[in-house]
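Chemist: Spelled out, the chains give:
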Amino acid sequence: MLLIQNIRLSRILINTWRVDLIMIASCTIAYFTREYLIAHHFQVSAIVPTVLGTAIAFFIGFNNNQAYDRWWEARKIWGALVNDSRSFARALINYVDGDNTTSITMIHRHIAFLYSLKASLRGTVDEIYIKYLTDDDLKEVAKHKNMHNAILNIQARDLQKLSKANQVDGFRFIEINEMLVRFSDSMGMSERIKNTIFPTTYSYLTKVFIWLFVVTFTLAISDTAGIAAIFLGWLIGFVFVSTQINGMSLINPFETNSAGVPLNSITRTIEINLLQMLEEENIPEPVKPINEEYIL
Amino acid sequence: MLLIQNIRLSRILINTWRVDLIMIASCTIAYFTREYLIAHHFQVSAIVPTVLGTAIAFFIGFNNNQAYDRWWEARKIWGALVNDSRSFARALINYVDGDNTTSITMIHRHIAFLYSLKASLRGTVDEIYIKYLTDDDLKEVAKHKNMHNAILNIQARDLQKLSKANQVDGFRFIEINEMLVRFSDSMGMSERIKNTIFPTTYSYLTKVFIWLFVVTFTLAISDTAGIAAIFLGWLIGFVFVSTQINGMSLINPFETNSAGVPLNSITRTIEINLLQMLEEENIPEPVKPINEEYIL
Amino acid sequence: MLLIQNIRLSRILINTWRVDLIMIASCTIAYFTREYLIAHHFQVSAIVPTVLGTAIAFFIGFNNNQAYDRWWEARKIWGALVNDSRSFARALINYVDGDNTTSITMIHRHIAFLYSLKASLRGTVDEIYIKYLTDDDLKEVAKHKNMHNAILNIQARDLQKLSKANQVDGFRFIEINEMLVRFSDSMGMSERIKNTIFPTTYSYLTKVFIWLFVVTFTLAISDTAGIAAIFLGWLIGFVFVSTQINGMSLINPFETNSAGVPLNSITRTIEINLLQMLEEENIPEPVKPINEEYIL
Amino acid sequence: MLLIQNIRLSRILINTWRVDLIMIASCTIAYFTREYLIAHHFQVSAIVPTVLGTAIAFFIGFNNNQAYDRWWEARKIWGALVNDSRSFARALINYVDGDNTTSITMIHRHIAFLYSLKASLRGTVDEIYIKYLTDDDLKEVAKHKNMHNAILNIQARDLQKLSKANQVDGFRFIEINEMLVRFSDSMGMSERIKNTIFPTTYSYLTKVFIWLFVVTFTLAISDTAGIAAIFLGWLIGFVFVSTQINGMSLINPFETNSAGVPLNSITRTIEINLLQMLEEENIPEPVKPINEEYIL
Amino acid sequence: MLLIQNIRLSRILINTWRVDLIMIASCTIAYFTREYLIAHHFQVSAIVPTVLGTAIAFFIGFNNNQAYDRWWEARKIWGALVNDSRSFARALINYVDGDNTTSITMIHRHIAFLYSLKASLRGTVDEIYIKYLTDDDLKEVAKHKNMHNAILNIQARDLQKLSKANQVDGFRFIEINEMLVRFSDSMGMSERIKNTIFPTTYSYLTKVFIWLFVVTFTLAISDTAGIAAIFLGWLIGFVFVSTQINGMSLINPFETNSAGVPLNSITRTIEINLLQMLEEENIPEPVKPINEEYIL
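Protein chains in written order, with numbering that gives the first Met the number 0: chain A, 0 to 295; chain B, 0 to 295; chain C, 0 to 295; chain D, 0 to 295; chain E, 0 to 295.
Since the hints were derived computationally from the structure, they do not count as laboratory data. Backbone N, C-alpha and C fix where the C-beta goes; we use that ideal spot for every residue, glycine too. Wrong hints could be hidden among the right ones.
[Stated by the list, open to error] In silico DSS-like links for lysine-lysine, alpha-carbon gap of 27 Å or less: (1) D:K142 x D:K130; (2) C:K163 x B:K206; (3) A:K142 x A:K160; (4) E:K163 x A:K160.
[Said to hold, decoys possible] Which bits of chain A does chain E cover? Going by a derived footprint, with three or more residues having C-beta under 8 Å, they are: (5) 15-28; (6) 54-65; (7) 72-78; (8) 166-177; (9) 220-230; (10) 241-254; (11) 264-275.
[To be verified] Label pairs and their in silico Cβ distance ranges: (12) E:K206 x B:V207: 35 to 45 Å; (13) A:T27 x B:T27: 29 to 39 Å; (14) A:H40 x B:S9: 24 to 34 Å; (15) A:R17 x B:L12: 17 to 27 Å; (16) C:N194 x A:W16: 23 to 33 Å; (17) A:I13 x B:T123: 47 to 57 Å; (18) E:W16 x B:S9: 51 to 61 Å; (19) C:T123 x E:I103: 41 to 51 Å; (20) D:D135 x B:G97: 49 to 59 Å.
Turn these sequences into a full structure, and let the hints guide you.
Modeler: Written out as structure tokens, the structure is:
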């Protein structure tokens, strides 16, 4: 998540330099082709780029809307994980009778669940979850492809134990199990967003149409604008391209980039909340922003 | 679901060649009609294709939005099936007292439910479900038109048996039954999307208007563009047509095509998760992409 | 629900002939008024119809979006009725101890509920519901204005009887009652869509603006287009009008027309599913399409 | 809620006459200012009103969408009150053992709750609720600012009494209480819509931009349109203004005007349904439309 | 929340003066650069600002829609807090047997929860919550970073005490705990909106594009408009800028500004409702608007 208000324009130019070169080359070719080959035969009237502009506006708008929706849905899912984690810990701390060892183990294991899920979504290796699991847990979890799902399974087994030992009654049992179901939902929803590729035809066609637009635009204005048409063609193309690239930076919200959902920071927040609820002493620090610029 | 980022433009041309021919023919006729019949009498001013362009932009935008929504809703429904299947298995494995034979049978039967539902949505014959059903189940299921609904029925009967045998109490009973209700919901929602035809008038009118647009566009620009008007008319028409066809490829998300929701892959993921939770040994492989291009 | 992909253009012309005549007359009057009265005094510049076109595009887009949303919401509500009906029958068949007479009666009565609700939404008289009600039920239901609500009331009474006879315990009682609450919700939501008139000012203003557009458009282009302006004016007007009429055909999704939600077909599907779950023998046929064109 | 399909245009003119006068005056001043002061110095090119038109189109579209959403949400909330009221009465009538006096009192009191809530939303004094409350209720309710909330409180107290007298068990208790929670939700959601003023800057800026548009539009076209520019300027302004006013008529859906949600009619419908479920004899008539034009 | 209908235009000018100066300077430079350097070489055709206008319209529309959605979601969350607070108090007052001391303490503590949450969202120090907490509560809460979460924890502990003392049974326990879960949800959802920065690239690119638009617009019209191009350039730029700034004023709905969600007023309303339900005597006054202009 970006924290700063003013991005440097240079950064955007750096992100788009390859596309910029292609556009400038295309505009130049278009300009000279027109100058020496087409000009005496026909004109590309302004309506051509205008209509193309409409089609592109639709495409870019569509892509941006869907990208933002994916990003915001991802943020909501992890917001729900925050809320449910607190309710889960609150229930285990306050509603379990007698010995609280299992409750503490379960809350620790839940933190491991979050770190494991986060690592899987980010596609990184994250060892923090190890310290929140017992040795038995670690052995069992290692057998599964989907580690976080395996952890939920152990949670359910412990909940059943609490129930059999009469530490929770039926009503409390369903309250706590409800949270496990919700964790399962949030986990699956995160995986859905991560694994579902946004239809690639949309971004592909957008690129093709922007290119067509830039070329016809240069052809249409070079009569009045002269050689400046190359510059103007690129300028307008740049506006479209940067809008498109900006939208696409949100399309995979779980990637480790500056625009993504700050999973590190959110997971740490839950960790701090839960450890404070357990009145533990070694509370880790919140995640620090990188270069005061963004937070992961 | 498409995996690759760069579709070849040729593929789009192959998908649209029939429409392309119609458009080129229409533009050619329009051009020569104007040249020899109309030019001395009146002009088609640029405002005609401009206004038509607006109407088409609305239509194509509308169609694309609704198509994407259907596709994403379909993906969400199958995401919910993933989550609920895991919660269902977790409950049956951990919350059922005593003998776990029925639990295992029910989890296997649930995999059969998914394969049967998938085959029905895809309109294909899929025999995988057979190996997850007992002979009695198979006989009973055969009597019903809606096989997956019949399977849910058997699940409910087994759940009642578990309850009567005191293997689950009332609280666990409602938790597990809640999952059956959710499966019923997801099943019905999938059928709704499959069976509800997107209003055909929308795509029909879009085609008519694109044709009208291409013709009036050619008439409007041929004064300045000369014979190139035919090419430009087709070019703009192609932009609209490919956008429309692209959107329509998502409208029936359960069809067996490269843009659809990857039911094979999702079903297999659930199968793997559930079999691992049962600690079985013969775990099938994940579904492989086809030509590294898409996954079904 | 329309089944065919290609509507004949003639049908659309038939639907709009009255509006077409009005538009052609208005264009003709506008053309000659301009020719003989206005032309020497002032010109209507192209910006007038262009701006009007924007306003109309918004209106038609807005109307179409809301119409489609009403139609899709209606379809979702009846999809929910499908799902809940199956869950309701599944619960009554499998979770009720002892004698199953009351369960069968309740499932039959539920089919009557659906037919009665359907008839009320369609504003038709439908006698099918009678055969699924007992004589006592029929007498009681006759006293109520809202027949389907009265049926739900009897269902609740029977459920209470099952509970008092210890055929269902408290947990099963709330599961089955939950379905009655959901039926009540779906029923009320259907009535809401049926009874809430889409703000009439929207379609009224759309008509006025289309008329204004057609007239100013004719005035604006007749300088260059000559007498063809009348034809072009009508053509563009026709595009707007047919788009608007198309959208409006979805605004009342429960009406008995070819674009509406196919209540007959959905109700029959539920009937078949439920009777098969009861293992009855006289299963009715699915509803057949009319002229292979649409299904009601 | 408007019932008729054809509003008279005169009514819209009456609603907008003040704005119409301002626009005509502005156009006239703009026209003559240009004629005598500006014409020889510079021209306002058509791009100025065109760009302004885009900004206005966005604003009006935005306002209309949000207004419609508020209106439709309000309608949904009161639809939910219909559904929940029926489920509440159904539960009280069928699921309460023994003496039904309290049930009847509670259903009557619920009708009072609806009339009281309606009067508060409409800002009117409505005495109907009095006849559905006992003297004790009236005294208690009088002490509270939020009368309908006080009524819900009494309902909860009576429900607790039913529970303590063993007339309802725990399962039925939570079913009926759930309805009280839902009434509380619908009540609060209605208050939210009533009390949250739509950001006034939106409608204010819309007015300013329409005025700017009308003036620049007149300046831009008066070269070609002559004195008719005044008329055309007003005409286009009128299109925007009437669209905006039309949208704004939905923004406060609980106001007592012809476009609002028909609370009188809905409340009466619930009243009739509930009294019929109680098999009472004096059933009031449905609310009649006013002048066959609208229903409140 | 703004209360007045007519904002003074001067206020908008005051809010935007810095941007206005930048725009006027840019237009002036553009004008004279063109006049003396460019005019004889090439023209910037009108299509350049037109296409840029489309891109900007999309951006501003997108920003405004997302800003409004955040604002309205924030309002809905606090509406839900109103509803749930009433249901929570209703349950504690009516459903708890025997001594009501704990109930009263819990309702007071809930008011403290709301004030503490509000202060945290607003980033202000608010001491009101102190008077609603006992000394023990205050000590415990002081240890936590997230004070409102700590308060929920104490509520859960007290609920468990009520349950152990048999003052509430299992059914009532889950009803009241459900409200704690909902408070936890609303709390987390508010924090999500507060902590998630709207992607800064959107507002940054909007600014860059508006600037590009203003400059190219001035260049494009100065041929016909002469020196008035500077004024017209600024005027159109002002329309875009004020629209953008207006939208952005809603993006952080929990900030203490005149456009934000009126947390003070909502919290006070809940306080009044709850104290009246407890029949207390010192009921505070509703929050007063500031200058009759807005309410915080």
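Chemist: Decide, hint by hint, whether the structure agrees.
Modeler: A quick look at each hint next to the structure:
1. Only pairs whose Cα atoms come within 27 Å are accepted, and K142 of chain D paired with K130 of chain D is accepted, the gap being roughly 18 Å.
2. Restraint check: the Cα-Cα separation between K163 of chain C and K206 of chain B comes to about 63 Å, which exceeds 27 Å; the hinted pair is violated.
3. A C-alpha spacing of about 22 Å is found between K142 of chain A and K160 of chain A, which places the hinted pair at or below 27 Å, so the restraint holds.
4. For the given pair, K163 of chain E sits about 21 Å from K160 of chain A by alpha-carbon distance, which is consistent with the 27 Å threshold.
5. A count of 0 residues in the stretch 15-28 of chain A with a Cβ less than 8 Å from any Cβ of chain E is obtained; the coverage claim is therefore unmet, three being the minimum.
6. Here's how the stretch 54-65 of chain A fares: 5 of its residues keep a CB closer than 8 Å to some CB of chain E, so the rule of at least three is met and the hint holds.
7. Counting residues of the stretch 72-78 of chain A whose CB falls under 8 Å from any CB of chain E gives 3; the rule of at least 3 is met.
8. Look at the stretch 166-177 of chain A against chain E: 6 of its residues bring a Cβ nearer than 8 Å to a Cβ of that chain, three or more, so the hint holds.
9. Here's how the stretch 220-230 of chain A fares: 7 of its residues keep a CB closer than 8 Å to some CB of chain E, so the rule of at least three is met and the hint holds.
10. Check on the stretch 241-254 of chain A: 5 of its residues sit with their Cβ under 8 Å from a Cβ of chain E, so the three-residue criterion for coverage holds.
11. For a cut-off of 8 Å, the count of residues in the stretch 264-275 of chain A with a CB near a CB of chain E stands at 3, and the three-residue condition holds.
12. A beta carbon spacing of about 42 Å between K206 of chain E and V207 of chain B agrees with the range 35 to 45 Å that was offered as a hint.
13. As the Cβ distance of T27 of chain A to T27 of chain B is approximately 32 Å, the hint placing it in 29 to 39 Å holds.
14. Taking the beta carbon of each, H40 of chain A and S9 of chain B are about 28 Å apart, inside 24 to 34 Å as hinted.
15. Restraint check, R17 of chain A to L12 of chain B: a C-beta distance of roughly 25 Å satisfies the suggested window 17 to 27 Å.
16. The supplied range of 23 to 33 Å is broken by N194 of chain C and W16 of chain A, whose beta-carbon atoms lie about 60 Å from each other.
17. For I13 of chain A and T123 of chain B, the Cβ-Cβ distance of about 49 Å falls inside the hinted range of 47 to 57 Å, so the restraint holds.
18. A C-beta distance of roughly 56 Å is found between W16 of chain E and S9 of chain B, which places it inside the suggested range of 51 to 61 Å.
19. The hinted range of 41 to 51 Å is not satisfied by T123 of chain C and I103 of chain E, whose Cβ atoms lie roughly 58 Å apart.
20. With their beta carbons about 55 Å apart, D135 of chain D and G97 of chain B fall inside the hinted range of 49 to 59 Å.
The structure shown violates the earlier hints numbered 2, 5, 16 and 19.
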